[in-house]
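Engineer: Below are the chains, spelled out letter by letter.
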Amino acid sequence: MSARGRAIAAVALRRFLRAAWQARFGLRRGHARRRVFARHLRLACEELGPTFIKLGQLASVRPDVFSPETVFELERLQDRVPEVPGAEIEAILAAELGAAPEKIFSAFELRPTATASIAQVHQATLAQDYRPVSGAVLPRGSRLAVKIIRPGIETFIAQDLALARRWAGRLARLPGMARLRPGSLLEEFRDTLASELDLRNEGRVADRFARDFADDPLVVVPRVIWRHTTRRVLTTEFVEGWRLNELGEAERSGIDARRLAAHGAEVFMRQVLVHGRYHADLHPANLFVTPDSRICYLDFGIVGRTTPAERIAIAQVLAATVYGDAERALRYSRELGLEVPEDKAPAVQARVADLMKAHLAGREQADVRGFALGFLSMLADFRIPIPEGYGLLVKALITVEGVARAIYPDIDIIQSARPFATRLIAAQLSRPERLHERAPAALKAALRELLA
Amino acid sequence: MQDLVRMLAAWAFVHESADEGWKASVARGRKLEPGELEEGPDAFVDGLAALVAEEKERLKQEIVNAGVNAGAEHEQGVTRPAELGRKLDAVAFELAELRGRLESLQASVDAIAARGED
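Note that the protein sequences, when read in sequence, are chains A and B.
Note that the first sequence covers residues 1 to 452 in the working numbering.
Note that the second sequence covers residues 1 to 118 in the working numbering.
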């Protein structure tokens, strides 16, 4: 076994033994036991470095595979990586863009503004006017954010993934682990990581998002400077603002926080239900609030997609959830691939109705996170598999609530979603072809009412 | 007046029902001769019912035609100005995207050329 293999095994074993001890070797049951193991899994990922931090982050958006406790614990993974020295950054820029930073930009900060496991970000100044894919021309002198892939990270990740693949093969043979399909899951993660390591993909998604929200004055997506963008370097305009976790009372007092929080939730729904692609990796570091009360979206590494048919079903599930209709929510969830066996349907519906009552209706402030956690746990209790897209969406919805509350703590996301859900359903129903299709049924229903 | 009739027609269309009183009123209204509408409240209501019923049929036809025409135009490849604008916008965006890709490739080519010169 290689030195790295031994190091991984040592961390995994140490964390497993600690978790087993804290879980009283299985005497602690259910939720408490799963929380202990999830916490040590997160700590193990942080100890093992970039590949595992990234794998953990990818796992944190997959409630279809991992328990809710694991998903929400991995969400807290933090990148604590040292910054890459300035000389190495200069060398990468020269190799990627063909010249020293001072020749490409009119100014370049060698000290990074942000560092993460895969890349770090530097500030620079645009040397010549630039016409982006959409939006106005960026004038010379504009401030830029230059994201640079850490040197050697691709090789490091490839080596770690090769080791992880061997471990996944062994894990798959253990009873209870085959269900998680560690091998194929690792392959999926490898593909996502490969896509994230090519920053041009992120630039393309950013351009598409900018186009989707070109008519929304409250949304900012930094424009990409393709002239200074390659596989390992992504240059965008720099947007001034506060990260959500930096947003204190002083900052909130200067912006229309309530409006912005409600708008943030609506923007997410538009992504899912109108445009069919959504930011599936929302967290406080990927969102900015600008001093002129706008929301800025960053880092489009993980993107979810919805088909037109899915959008109609999601809108119905959303509206049913907003209006507390468990039967309707489950009926349309089936169209999204959630298979509830007939014999379990009444019990599942009753549990969903209870969850809606407990977390959404009859409360001063709805608790989407509590509802979704309860919903996912309930599906696990009934051994109902969660379709991948469905899980991603539930997770994203919880995150949207968290994000909206980070902007305005008293927001009720369900109340905010109500007008949008109503408008959307009305728009779907009032399409001529839909009206025409529904008119006979509506007439029959009206006749039945009259003759009853 | 036309807007009011159209609004009532839309209401009647959405709430279409087999109300015998309404049907009788429409039938009486259809038989009214010019000028008889002003003969009293009952005649006015009958006349209005007939107008609304007529407008409702027109509205129903418009909705059906909109669906049929949209389908036929789609099949025949006929494009309306608004749709043309949307298509143009989409093509312009794709072109701009392509320009972006070319610029990025150019940067990579420049970098390789610069390495060759060293």
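Any given hint could be a false lead.
What the hints assert, rightly or not - Chain A is nowhere near these chain B residues, computed Cβ spacing over 12 Å in every case:
id, residue
1, ALA27
2, ALA53
3, LEU84
4, ALA92
5, ARG99
6, VAL109
7, ALA111
As the list claims (entries may be wrong) - Computed footprint of chain B on chain A; a stretch qualifies when at least three of its residues, placed anywhere within it, have a C-beta under 8 Å from a C-beta of chain B:
id, segment
8, 148-161
9, 200-214
In short, the hints are calculated from the structure, not lab data.
Note that the Cβ used here is the ideal one computed from N, Cα and C, for glycine as well.
Engineer: Determine for every hint whether it applies to the structure shown.
Structural biologist: Quick rundown of the hints versus the structure:
1. ALA27: 19 Å, holds
2. ALA53: For B/ALA53, whose nearest Cβ neighbour in chain A is about 15 Å away, the distance exceeds 12 Å, so it holds.
3. LEU84: Non-interface label on B/LEU84 holds, nearest chain A Cβ at 18 Å vs cutoff 12 Å.
4. ALA92: 9 Å, violated
5. ARG99: 7 Å, violated
6. VAL109: 8 Å, violated
7. ALA111: 4 Å, violated
8. 148-161: violated (count 0)
9. 200-214: holds (count 5)
Hint compliance for this structure: hints 4, 5, 6, 7, 8 are not met, and every other hint is.
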